[in-house]
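Given the coordinates of chain A, work out where chain B should sit on it, guided by the hints.
Same order as they appear, the protein sequences are chains A and B. Mapping of the first sequence onto the working numbering: position 214 corresponds to residue 214, and the numbering continues sequentially without gaps. For any residue, its number in the working numbering is found by taking its place in the second sequence, counting from 1, and adding 1000.
Simulated from the structure, these hints should not be mistaken for lab results. Backbone N, C-alpha and C define an ideal beta-carbon position, used for all residues, glycine too. One or more hints might be untrue.
[To be verified] Here are the simulated DSS-like pairs of lysine-lysine, each with C-alpha atoms no more than 27 Å apart in a straight line:
{"no.": "1", "chain 1": "A", "residue 1": "K373", "chain 2": "B", "residue 2": "K1079"}
{"no.": "2", "chain 1": "A", "residue 1": "K225", "chain 2": "A", "residue 2": "K360"}
{"no.": "3", "chain 1": "A", "residue 1": "K360", "chain 2": "A", "residue 2": "K323"}
{"no.": "4", "chain 1": "A", "residue 1": "K265", "chain 2": "B", "residue 2": "K1021"}
{"no.": "5", "chain 1": "A", "residue 1": "K255", "chain 2": "B", "residue 2": "K1021"}
{"no.": "6", "chain 1": "A", "residue 1": "K107", "chain 2": "B", "residue 2": "K1049"}
{"no.": "7", "chain 1": "B", "residue 1": "K1024", "chain 2": "A", "residue 2": "K265"}
{"no.": "8", "chain 1": "B", "residue 1": "K1049", "chain 2": "B", "residue 2": "K1038"}
[Unchecked claim] Some but not every residue of chain B turned toward chain A, in silico, with C-beta under 10 Å:
{"no.": "9", "residue": "N1008"}
{"no.": "10", "residue": "G1013"}
{"no.": "11", "residue": "R1034"}
{"no.": "12", "residue": "C1040"}
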Amino acid sequence: MADYRKMWEDLGMDLELHDLLCDALPVAFGDVYMSMENRPESMDFYDFVVSEIHGVRPAELVEFQKKGGKVFGTFCVYVPDEIVFAANGIATGLCGGSQFWVPGGEKVLPTNTCALIKASVGARLERTCPFFRIADIYVGETTCDGKKKAWEILAEDVPVHIMDMPQMKRPQDTAKWIEEIKIFKDKVEEVTGNEVTAEKLSEAIKLINNKRKALARLYELRKEKNIPISGKDVLLISQIAFYDDPTRFTQMTNKLCDELDERVKNNISVFPEGTKRIMITGTPMAIPNWKMHHIVETSGGAVVVEEACTGTRYFENLVDESKDTMDEQIAALADRYLKNNCACFTPNTGRIDDILRLAKEYKVDGIIDVNLKFCNLYDTEGYFVEKALKEAGIPVLGIETDYTDQDAEQLRTRVGAFIEMLSNK
Amino acid sequence: MEYYILFNDVDSGLKLYNLLKSAKIKVTISPTPREASKCCGISLLIKNKDDLPSIRECIENNNIEIKDIFQMESKRDPKRDKFC
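Isolated chain A, as found in the complex:
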């Protein structure tokens, strides 16, 4: 393993504190991932990325910056990466998925803020994540009240650009979102010093669409009766999609899919026959939050689809590649991104439609609606999710949790009972 201490020091990280995080990762990854049997061989790439999580990719980004490149840290699937890549910048996801960062966030945020926001703020302020140190600018968005206030706190420490999300999906909201993307383009051009031309944007749209297509191909394989890859592995891939180089990620994910195609041909499943097929819906699961998937898949279930930002919301719907003027391209971007159905919108019936559609497509036996504690939007929307699923006759279990280990045993009991109930149906 390479010694990255010099790079971390140069990034102004707190090495002593960071060491404690490094202590936890090998054990957790070992328990959750290395304990699985019959993983696809092509998972070696993703294992490599995780093993080098604070090393190889941060080093690439630092090299990029040395040559004058700019890195944009993002926190939401509504932020159009295409604009950043079109300006020769790099967009990288920054959401925090570890309990390790939460106490740092709680120093400045109310305790009753969701773990994702607390972890993200803690990772920056306590200087224990290289990605949070590297980003030249953060791109926030107004998808919830907690985030809105968190950006103000982060802005004391790092430049932040905020995209004002519409809260509804009327024509005037689309028009407003188009304007927001234009403002974002101006900001990206200012930070990078590079113009976003229609030609460059066209290339970037294809680049990100190709990543979406690779993920869609991967998910398609999970619809098979014999499931060739675990939900845990796919979650890891989705998490890595947010920060790896998009061209490399697409190539490696397609390579994995080639291997999975062979598994499908040979009727190879990573689960015993009859394992209950579970959909997870709800709030995002940022790396290294593997808790729910691990509990489900070590309790007799197989996660076959995630209706989440770290799931279908990230890759479903492509940006129209046929447009060649800037205005048309930005309208196409706005159109695609507003097809995402997040609980920050009112009403958000599209999400219910998505869940019902995905339940059929992936032939799920049951759905677990998992929401981060203190995420008022998703928690409240759970009312409609559970109501619609009950009406459709699809068993559903609602769970509110966070990043701690404390409720793991209780979750095991509840998930185990749910899966047993599915088996008795």
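Same frame as chain A, now just chain B:
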């Protein structure tokens, strides 16, 4: 008992991984156990200890620079529920 191959640099780790893969010797890319080193990064977990002689031979024949082959009791427990 588990055996981890440790490296001073990531390129040597990847080079050996690919050589062993071509030779059909099963190893897994793994985060380096903290007991073995305080540096974050990859190591190679040997799947079958009977492969150790062939692995050593491959390292020697290809002049791969390794730091150590570290041996430890397996502590893996999928029901531990300690997340990071």
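key: Hint numbers not upheld by this structure, sorted from lowest to highest   = Per hint list: 3 and 6 violated.
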